[in-house]
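There are 6 protein chains.
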Amino acid sequence: MPIVRIEMIEGRDLTQKRELAEVFTREMARICGCSEAAIHIVFDDIQKQDWAIGGQLLHDKIPG
Amino acid sequence: MPIVRIEMIEGRDLTQKRELAEVFTREMARICGCSEAAIHIVFDDIQKQDWAIGGQLLHDKIPG
Amino acid sequence: MPIVRIEMIEGRDLTQKRELAEVFTREMARICGCSEAAIHIVFDDIQKQDWAIGGQLLHDKIPG
Amino acid sequence: MPIVRIEMIEGRDLTQKRELAEVFTREMARICGCSEAAIHIVFDDIQKQDWAIGGQLLHDKIPG
Amino acid sequence: MPIVRIEMIEGRDLTQKRELAEVFTREMARICGCSEAAIHIVFDDIQKQDWAIGGQLLHDKIPG
Amino acid sequence: MPIVRIEMIEGRDLTQKRELAEVFTREMARICGCSEAAIHIVFDDIQKQDWAIGGQLLHDKIPG
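Protein chains in written order, with the UniProt record's numbering: chain A, 1 to 64; chain B, 1 to 64; chain C, 1 to 64; chain D, 1 to 64; chain E, 1 to 64; chain F, 1 to 64.
In short, the hints are calculated from the structure, not lab data.
Treat the hints loosely; a few may be bogus.
The calculated DSS-like cross-link candidates involving lysine-lysine, where the alpha carbons are at most 27 Å apart (straight line), are [as the list claims (entries may be wrong)]:
#, chain 1, residue 1, chain 2, residue 2
1, E, K48, C, K48
2, B, K48, A, K48
3, A, K48, D, K61
Bound-form chain A, shown alone:
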């Protein structure tokens, strides 16, 4: 039943998402005592022009 939503700056590849999904699911099932099959994980890649910290867009803060 748990739903985990992960917002990250774009750039994580499929291999990293695959490992995050595996590890988070396994650890959450272990810690919470729930079934792995019931755990949903949703990734939300955010572009650098859509995330600001301290009032500055990451697009402006992190060049390139």
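The hints should help you fit chains B, C, D, E and F onto chain A, whose structure is shown.
Just chains B, C, D, E and F, lined up with the frame of chain A:
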């Protein structure tokens, strides 16, 4: 005032979103006694590489 | 797999949530061709002091 | 620590997001007495086919 | 149409939320050229036991 | 920078949230190569009357 947010795997077309929006709005107004005009519905299409169930990305679970 | 999140002003009772859950699930499965068993619906009751429209808290807009 | 998430119809450009991020961060720090550096703002541009008001997709309501 | 969602640690009072709602709505309407009446702001107060930074719950980080 | 949001049925205690926060933060920093200090985790406990699966509220599905 109500806001309904719908996360689905990508692939639903405009016709399906249109019908979902109509039906959900009409039913919510009827059940909750609120105005149809006040109901917002936001769709969020999720790619198969961004959704995992049971620790496995749908990208790996559902080929093609 | 679909996840539907419903934000409403507090005050909807269990009977209304039950009917919303039934109707939304049945209609979504019909329109999207997905399994009813896979549909999650999460309600998020918002207090009137936590929702503003047009710059005014509903707490101030709707007395009582 | 605060996280502000802004959902808008697509079409806001970088200049508008930049100003929104600056102003919201400065005002929030002033009103809440928190550090500007701790404030996150995330923009979520929604396409007109993914937002319905009053049961009608904005794609159908707002031509062009 | 814009929806602004603000997650903060609990403790902000009605006066602060009222000012945040007023200022954010006015500034957003000015910057984005949209109607103030169409702007929704939703506050989500988070308890210190429900927010972790750097792997540590704020409940443990900020005593009292 | 990453923000992880965890929706679970209410009932997880402080010890479980503490361990989830530690493990998720450590694993995410390792897999994504980001700083632990930048990772936010927000828990959202959902009551059984506010979560439906397959059209049925968990309040009705899981007695007690």
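(request) Any hints from earlier that this structure breaks? Give me their numbers in increasing order, please. (result) Hint 3 is the one this structure does not satisfy, whereas the remaining hints hold.
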